[in-house]
Amino acid sequence: MSQALVESRRRDGAWGYYPGRAGRLESTCWALLALARHSGATVDIAPLRGWPAQKGWLIDVPGAPVNVAFNALAAVVLLQHPDGRPLAAPIVSNLVSTQGIALPQSEAIRQDNSLQAWPWIDQTFSWVEPTAWSLLALKTARRQDIGQSSAIDVRILAGERLLADRASRRGGWNYGNSNVYGQELWPYVPTTALALMAMQDRRAEAVVRAALQSLQKDSETERSAFALALAAICLRVYGVAASAIESALVDYLELSRSIGNVVGLAMGLYALSGAHDVDAFRI
Amino acid sequence: MAAGCWRKAPFDRHAFTVPARSAVGLFAATSYSADLADIIFRGFQELGVNVAGRRVFLKPNMVEYEPGTAINTHPAVVAGAIVACRRGGAAEVVVGEGPGHRRDIEYLLSSTGLYDYLREERVRFVDLNHDDVKVVPTKSWYTDLRDIALPVSLLQSDFVITMPKLKTHHWAGMTCSMKNLFGVVPGAVYGWPKNLLHIRGMFESILDLTATIQPHLTIVDAITAMEGDGPIMGKPRPLGFVAMGSDLPAVDATCARVIGLDPAKVPYLPPASRYLGNIDARRIDQRGESPDRFATRFELIPSLEQLRLPDR
Chain B
6 MSQALVESRR RDGAWGYYPG RAGRLESTCW ALLALARHSG ATVDIAPLRG
56 WPAQKGWLID VPGAPVNVAF NALAAVVLLQ HPDGRPLAAP IVSNLVSTQG
106 IALPQSEAIR QDNSLQAWPW IDQTFSWVEP TAWSLLALKT ARRQDIGQSS
156 AIDVRILAGE RLLADRASRR GGWNYGNSNV YGQELWPYVP TTALALMAMQ
206 DRRAEAVVRA ALQSLQKDSE TERSAFALAL AAICLRVYGV AASAIESALV
256 DYLELSRSIG NVVGLAMGLY ALSGAHDVDA FRI
Chain F
32 MAAGCWRKAP FDRHAFTVPA RSAVGLFAAT SYSADLADII FRGFQELGVN
82 VAGRRVFLKP NMVEYEPGTA INTHPAVVAG AIVACRRGGA AEVVVGEGPG
132 HRRDIEYLLS STGLYDYLRE ERVRFVDLNH DDVKVVPTKS WYTDLRDIAL
182 PVSLLQSDFV ITMPKLKTHH WAGMTCSMKN LFGVVPGAVY GWPKNLLHIR
232 GMFESILDLT ATIQPHLTIV DAITAMEGDG PIMGKPRPLG FVAMGSDLPA
282 VDATCARVIG LDPAKVPYLP PASRYLGNID ARRIDQRGES PDRFATRFEL
332 IPSLEQLRLP DR
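Those protein sequence lines, which keep their order, are chains B and F. Here the first sequence is numbered in the numbering used here, starting from 6 and rising by one per residue. Here the second sequence is numbered in the numbering used here, starting from 32 and rising by one per residue.
With the rest of the complex left out, here is chain B (with noise of 0.2 angstroms):
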């Protein structure tokens, strides 16, 4: 797995989401990540250091909107690294000032349009997957003593009250509407490991105790090493067995390989290696 990852890489340092592919944030960051907890080595961060950058935020794609959601995971990344810090203090800076928009309040959605958390981009409004990422980039910050702490913990309430708004009755998450017309949406998996990551520092909530329950109930059924490798990871920082999700997860393993997605084959990486007490996403 890690020759592949290895040799899926760009010459220019970066990873695409497939061979071959234009280097993006994403792929890269969380190939850095499976790559160094591999081999047990400090985050390589040259590829982020070198990044295009205007005004504080990495930019993934030039000519298009900044992606707000992985720019916090550019952050997480580069907090694992001494040097990082002062690459990472902007962005963090950035997500402090950045929130959704506020939408009226809809009958049909059962759910408060008034919370203000991370959107994707900007001027849009605030999701699940967005809303984690920035969560857990800003207690990392805070952890480390970057940015301002008042304003962090301000925007850290926000994204928290979102997550506890866009939980699904039966526990966990899905992009980010748990109801629409009366009709329970199903929670899954991916998103659900993220906001529980997010959430770890609040485990005694309700909220995150049945987050939890859904997530190794219905990670026994999923079929993807994206999935798996998240809930893994997930229940790892809870503290809690995942071996029978890590060998589903050697399995799955084989189609992002053969279909070469470098996110799913970083991320299994990831969660089948290193040292169980020792995460980038514990906070």
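Hints in this document: simulated from the structure, not taken from any laboratory. Some clues are possibly wrong.
Heads up, simulated DSS-like pairs for lysine-lysine below, C-alpha to C-alpha not over 30 angstroms straight-line [as the list claims (entries may be wrong)]: (1) F:170 <-> F:296; (2) B:222 <-> F:266; (3) F:39 <-> F:165; (4) F:296 <-> F:266; (5) F:39 <-> F:170; (6) F:165 <-> B:60.
With chain B fixed as given, assemble chain F onto it according to the hints.
Coordinates of chain F only, in the frame set by chain B:
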């Protein structure tokens, strides 16, 4: 702003031509075990579709998966289209989708069964959410977006076939050939769901995407459609046909009539008829079966009742 409220046309009138008449084919297929390749190939012949030498891009609809639901274009229809395109002499056939809710493409390919069909047919799949992208100018401006990032695999093909599942849609009224194009907007750029399109206006986005991509053909999976609270939580509803045509508004308008909706009330269809295609039944030539054979009354959520045809 609602799509029908524009006073000045937000498109270049010289860049679009609405045909005088449009052909729409409805071809009976009672189940997914029917010879769909044969049915679709017959559709090519009846509609004069020529894919010889073309690099064909098939864009089915995949959103999320739950057993027993009718959310996604059935993989047997995709496989049928692959075989029909090859029989028609296509130089290359590629399948691609960028699911709008679940970004986990391996999960969707495995759980829907599409991966097995693709492997059997030896066809490449492109994850449109994570493909390389190119920022291109939009060709109409209902959303006010002047450009949009689109997947290069789609842009490099020279014959795009949109392959929707016919469903009710609690925001758009119905989802068919045109709404299916939301799936080409890359999630890794714009996020999940494709919220930019909702913020800019769902109807407006449907129009601008159709104008910008200009698919060459649609093949609609209406063998089992979805009624009620679509596009996710609705109920499967067997209809027993595949709809095809090169004029997307004409096909969508025909499908709307079959399920009991008035195309003139589906908000994006009247503006589409100004520059993208025909929705007036008098300008549509039916091929294959008559729409009357399949005409029915779909269950609708209360907010969509206003879209019904007067006599249904």
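Hint check:
1. F:170 <-> F:296: The given pair, whose Cα atoms are some 24 angstroms apart, holds under the 30 angstroms limit.
2. B:222 <-> F:266: Cα-Cα ~26 angstroms, so holds.
3. F:39 <-> F:165: holds (29 angstroms)
4. F:296 <-> F:266: Distance ~23 angstroms between residue 296 (chain F) and residue 266 (chain F) Cα, so the pair holds.
5. F:39 <-> F:170: Roughly 15 angstroms between the alpha carbons, so the hint for residue 39 (chain F) and residue 170 (chain F) holds.
6. F:165 <-> B:60: holds (22 angstroms)
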